[in-house]
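Undergrad: Here's the letter readout for the chains.
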Amino acid sequence: MTAKPRLTPAPPPGELIDSPRFPVAARRELGNTAQRRNLRLATHTIRDKRANAVGEMENWEQLREAGGAIKNRVLRHLPEYLEQLEESLTRNGATVHWARDAAEANRIVIALVQETGSQEVVKVKSMATQEIDLNEALEESGIAAWETDLAELIVQLGHDRPSHILVPAIHRNRSEVREIFLEEMGRYGTPAPPGLDDNPTNLANAARGHLREKFLRAKVAISGANFAVADTGSLVVVESEGNGRMCLTLPETLISVVGIEKVLPSFDDLEVFMQLLPRSSTAERMNPYTSVWSGASEGDGPQNVHVVLVDNGRTNALADPHGRQALRCIRCSACMNICPVFEKVGGHAYGSVYPGPIGAILNPQIRGTDSAVDRSLPFASSLCGACTEVCPVQIPIAELLVHMRGKVVDAKKAESKGVHMPHAEPAMMKAGGWVMGDHRRLEAAQLAAKAGGGVLGRFTDHIGPLPWPLSKWTNTRDVPNPPTKTFRDWWNVNRADQVEK
Amino acid sequence: MTETSRERPGEGLTVALFATCISDTMFPKTPQATVEVLERMGCRVVFPREQTCCGQIFTNTGYFDDAIPSVRTYVKAFGDYDYIVGPSGSCVGSVREQHPMLAERSKDAGLQRAATAVASRTLDVSEFIVDVLGVTDVGAYFPHRVTYHPTCHSMRVTKVGDRPYQLLKAVRGLELLELPEATQCCGFGGTFSLKNPDVSVSMAADKARNAASTGAEYLVAGDNACLMNIGGMLSRQKSAMTPIHLVEILAHTEGKRR
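These protein sequence lines map, in sequence, to chains A and B. Its first residue numbered 76, the first sequence is counted upward by one per residue in the working numbering. Its first residue numbered 4, the second sequence is counted upward by one per residue in the working numbering.
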């Protein structure tokens, strides 16, 4: 069997869900020193800018509270708001489609594109379509999907995957971008000007030239939406470049793929989110382009307007009253920018289009905890809580990481019921829990530590290599010897007369 | 207020010391220093022997059921005291923020009530000194250059705010140097350091480098687990910087040798 010639650049082989466990992928990514430099520079720059942009707002905490409260209301009454949204959109001349999962969403979109007879689509940057892997589904149906967001274009032309939800090419520097443009643009349309250097303005101009041809030719555009307003039946796209605006206005047909949690009750609610989102994501007071469209308007913009509302696991999260808080996410990316773990490894280590702290709590909810990568994600955090502090809709991310760890452990325990050889970890935790259940057991354990410390103290002032799993610590860090006297011992000698209570 | 009461603002208060299992076993100087400072302030300090651990290592690894015995032990040990004080933002934070959730999971209504009540009376030592005793100068003398790392849980869970800085600034002879990227995690994270050792070490290396760049003699923090992590990295790098718990500086007075 010969492979069909590809219409668009092929992404890396394999499915994200089959990614290795986070610690394994993290080690791989840590080895990429150029990427680490790029990530460190980018995350630290955007962090500082965000802090300034947010610091200007005296009522920031109230805005966060309002954002969280509105989203909570949406999640409590999701069916009602979705029905209202469908009704309003339909009244405005849009056609609403419902998709249970990725496969159904892709089938719907493909059929809609095929109806137009077009062999290609232009795309507005969209996480939902990344999530359902729409581009590859279209490719298999003989339809070329062109990413038009600058960073998404870099990723697509680079045969790569996004490593960040807002800055998908955060792992690349400009000389890498130059090479990708020179190498790939000509294969898929207008080539980069020969002699292109790595000046950002010149790189942007090369992208402009390459994309212009596609914008002017396109009959169909595909977008996501940042917000879907139930009362007015409006979709909202927030962007920086204006490339989204081109897609949303020029083609005849516009298909928007929207996660069901994106619904907002009322147009007035945008007041809150349009303050929270730009400052949290790009650290701007206001983003350059905000497009709002309410169905089809005669003689203005796309006449054939479709909205595909996608569940794809969101109702799994909704069923958990605690875990569902993750669905408040407005995809600003502040949590990944502030995350010291993300800063080290980038988005590819997370095996999902949603990386970073939010990905670590969202993926195991919407995809479940069956895959190795999804089981490892809640543990991909030191629980430092920096993410919780910056989240514009007050998602208690650190708390939900612990919540999801509990779910992973419960799932593992359920599986190992009746299995002859359980994992070492549950046995160690059970033993540890038992020791801490009574101070006499802790004191017995301390005897062992003191004895060890006493012997070691004759030879060295710190502990060297220890056996697994503690070797993971001592390979790179010293550990002080346990002292030969615990605090309890000291107390018994020095405060023996002190009576309790 | 008389001169005596300002010097001994803890007169008449009984404080139950929550030593924390890690300091009890590995860093006994820290709870000893806590006793010294609190007694110097006039408090009567007791050490309920039934205490063990906050159970955080189990909770944060996802083994909630295995953490419940720790909650029961904690309630039993500290249930009778108005002030429970520990030298750890992380362990205190776990008691305050996680014990109620664990008790709820136990389905034991009595434990839920008790755990919630005891949690609310549990304070980090910096909170107790600044808020309850109402002082920042505890008469300490420490003629050294130090830099302070605000540990993640003291800052974001227990929310001790600038209390440690207030306490350090009042120490005579002490020069406090600013730590670059102070609020960034040191990479410890409990079992995170074992489950994701590569990332953890990379984070610890950043923290050690930033600490070393200050030229301080001591790296101060309010959590011994974080200090053990950063200190382990400093030691491996043969750095001359010594990790030290905040309360050990506060215990140090003029004429006393470390």
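It is possible that some hints are incorrect.
[Stated by the list, open to error] Each pair of labels, with its calculated beta carbon distance range:
id, chain 1, residue 1, chain 2, residue 2, range
1, B, Tyr168, A, Gly284, 51 to 57 Å
2, B, Arg52, A, Gly527, 28 to 34 Å
3, A, Ala524, B, Tyr144, 49 to 55 Å
4, B, Tyr168, A, Ala486, 39 to 45 Å
5, B, Gly45, A, Lys488, 45 to 51 Å
6, A, Asp306, B, Gly164, 37 to 43 Å
7, B, Arg116, A, Gly527, 37 to 43 Å
8, B, Leu179, A, Asp536, 26 to 32 Å
Hints in this document: simulated from the structure, not taken from any laboratory. From the three backbone atoms N, C-alpha and C, an ideal C-beta is built for every residue, glycine too.
Undergrad: Can you list which hints this structure breaks, lowest number first?
TA: Going through the list in order, the structure violates hints 2 and 3 and respects the others.
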